[in-house]
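*Asks:* Given next are the chains, with one letter for each unit.
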Amino acid sequence: MGYFDVPEIEYTRYSNRQLAAIPLAFLAVALAILLIAYTVYGTPVALGMDFAGGTELTVETTDSESAIQTAFDEEPESIQSTGASNQYIVQFTSEDQQALTDQAEENLAPLEGNDEVVQETSSTSASFGAQAQQTALLGIVVAFVGMSVITFLLFRTFVPSIAIILSAFSDLVIPLAFMNLANIPLTLGTVAGLLMLIGYSVDSDILLNNHILRRGGSFYESTNEAIRTGVTMTITSMIAMLVMAIAATIMGVELLASIGTILFVGLAADLMNTYMLNLSLLRWYKFEGINR
Amino acid sequence: MKPTAFLKENWRVLLLVVFVLGAVVALFLPGGVMGDSSYASQGESNQSWTEDPINLEYGLGLEGGTRISAPVVGMTAENVDAGVVSDGEVDQDRVTEIEESLYADETLGLEVGDANVVVHDDGTVSVELFLDDVSEAEFVAALEDADVEASEDDVREGVTQETRDDVIETITLRINEAGLSGGQVTDAEMSDQHYVVTEVPEMGEDELQAILEDRGIVEVVAYHPGGENGTQVNETVLTGDDIAEVDPPRQPERETGYEVPVQVEDSSAEDFQSDMREMGYSEQQGWSNCRVQDPQTGEMTFNDEQEQHCLLTVVDGEPVAAHSMSQQLGSSMASGEWVESPQFRMGAQEYSDAQALSVNLQAGELRAPLDLTEGNVYSLQPALADQFKSYSLLIGVLSVISVSGVVYGRYQDRRVAAPMILTALAEVFILLGFAALIRMPLDLSHIAGFIAVVGTGVDDLIIIADEVMSEGDVNSQRVFESRFRKAFWVIGAAAATTIIAMSPLAVLSLGDLRGFAIITILGVLIGVLITRPAYGDILRRLLTDR
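Chains as they are written, first to last, in my numbering: chain C, 1 to 292; chain X, 1 to 546.
If you are wondering where the hints come from, they were derived from the structure by calculation, not from laboratory data.
What the simulated footprint calls covered on chain C by chain X, stretch by stretch (three residues with Cβ under 8 angstroms from a Cβ of chain X suffice, anywhere in the stretch; the number is not a length):
#1 117-124
#2 143-151
#3 224-231
#4 253-265
Going by beta-carbon spacing under 10 angstroms, a handful of chain X positions derived as facing chain C:
#5 G64
#6 E189
#7 Q193
#8 D371
#9 Y378
#10 R410
#11 L444
#12 A452
#13 D459
#14 D466
#15 M502
#16 L505
#17 S509
#18 L513
In this text, a Cβ means the ideal position worked out from N, Cα and C, and glycines have one as well.
The whole structure should be built from the sequences, with the hints applied where relevant.
*Replies:* In structure tokens, the structure reads:
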């Protein structure tokens, strides 16, 4: 059936310990990265402008990147060219967006047929950013706790519920560590991606648990059925997110690019966590835990 | 087949058809279903319909405009014992007394409009100062001087809800006075700090900043020789509250500059007239002798030695115009006829000032100032917004195509894959119809939500398809129903977790993300309740009717 068939994995060849070791190692490394970042920089993930404060201008100019570099009294934090020609996103740590806008209009040449150089401005004060940061953290914690409660209500048994929660936790931590390595700062868009991930990634875990715990048939039969459906689901979502991330990055639509990237990485982590970590815990529960 | 049996068998598909048709109506019916909804308050926003056959509203991120979030400056002493309320009656004289005592306090250094006493509906009293350079101790000391019992524990940062509501109302009026519609002013709370969020499409950031910057406290001040030995003094004779009606600015016949004709409230007209008479404005020596303003340059110089009778228009403590009493107005005040029709003209040198004066008089003063440096500013040019609009549409289409490709590659069966993709699209279509119906302004974050909806939607359809087709083809209604129910448990559970995970975002004021969360939650609900069951039915017909 189909061009691509989800391969059946010979789970019997591996012990629970072996299966769980890889995702747990990933989780440990990810946590270590976040911890190191926290001790070195004070935050586990670099904070973007939304949370740290600062100003971002999108300028359209015929001038070169080096001209942009020197056009402002304050040195730009970063200059990034977007997919559109002659369009750049310039970031500053200062909050004085009015002065920066004036300097841009004064020192840079607009495109033909365009009277404004500055096409988009966004500036956040440090205090506003700090409050947004707290609010976002609150949102993530509430979402995670809410998801955990729902999981317990659905399965009403300890080990399978914990298996889901643990793998969802890892699904969040791994993309966070990835953001650290890939230099993606935490913004409102990435927070949205992380929250979406809580909802998305749990789907395949629920599917797996449901097949194994609530259906007849042998453990491996149910597992393979769940994998066939679940992997298709996750791969479909991953491809949608990959396309969105690549297209939005090329076109310079930041919000969509960050949501897409985070979800792609998170769903990849979810494939590993669901079918190795969650599965090993379920197998242990089904064959050993239940009889104790 | 009997109609009832047909209905019973296909109600899920029929429901989907009804919703899709509803979405068509909501999207394409000229004028929209709820034509006079509150969202786009005035006629001007209708223009999008004439250009665009689809009744969708776009937010800042796709239309251009400016959003400024800023906290209200001030501190509040709550629940103070001020002796203002006795037997459920508010003692207005006592309120004035407290305010005057605060203004007189030298350590506070208040200017006009910086102090306010609020009597809440439940009878408790709060006192507010709209400054940020006063310490709690200084505030409490000043309150005690005014015989108000308060301790430093009662004092907190920020202002009362009443004041915030008043500020929001004033800003809304100012935006409407400026002739712009579709603006929205809301109160947002992030970790106990309140922000007033002003969003205006098609307005640049300078313009909006100018609207939010000014307190707009308008006073008419009499500059006249009423002091000791006939020196010139200033006395406030009218405030913005005393003005009943305001006309748009116009150019006067003989003088330079602009004038704003106003009508004084009947209740204040008598006082104003008697003040004018006492100060000598109603007699001939008080007419046409104001030399503060140079008639050519408009520059103002105050010479306190020179005897003159002027009426100054003062905005936020700055004089913007100085006028003499005209013979006509003066004599009608002398005879007492003026109160019958209490009109006169205020003025300003520049048209923009006159326009601002007119707006300030109509919208009233901003009860408390906003701190524009402690917030968030977002501004987008319409050209870039247009680019975002077409790009996000393109990204959406690309995502749908790639999802379709994967689904087709996986099942290789058009009977399964085609309805799957169509159903997922129907879901987005219904959502769009819903957005048009409630006239939700769409932003980039909503587009992200739509893409997420396609993603979760297809995931759930895959679950249904795999479940229904497991263990060979479906050959009876009963087998189908039982498998469908099994699949639905997983879908319901997954939907519940997604809704729970997104709900904090839908409630918290995290800028753009609210739209994303709302669309995702709505999409999941529409999916679980309408489109996904219908897909099951479609699949059953395709698989069983051979």
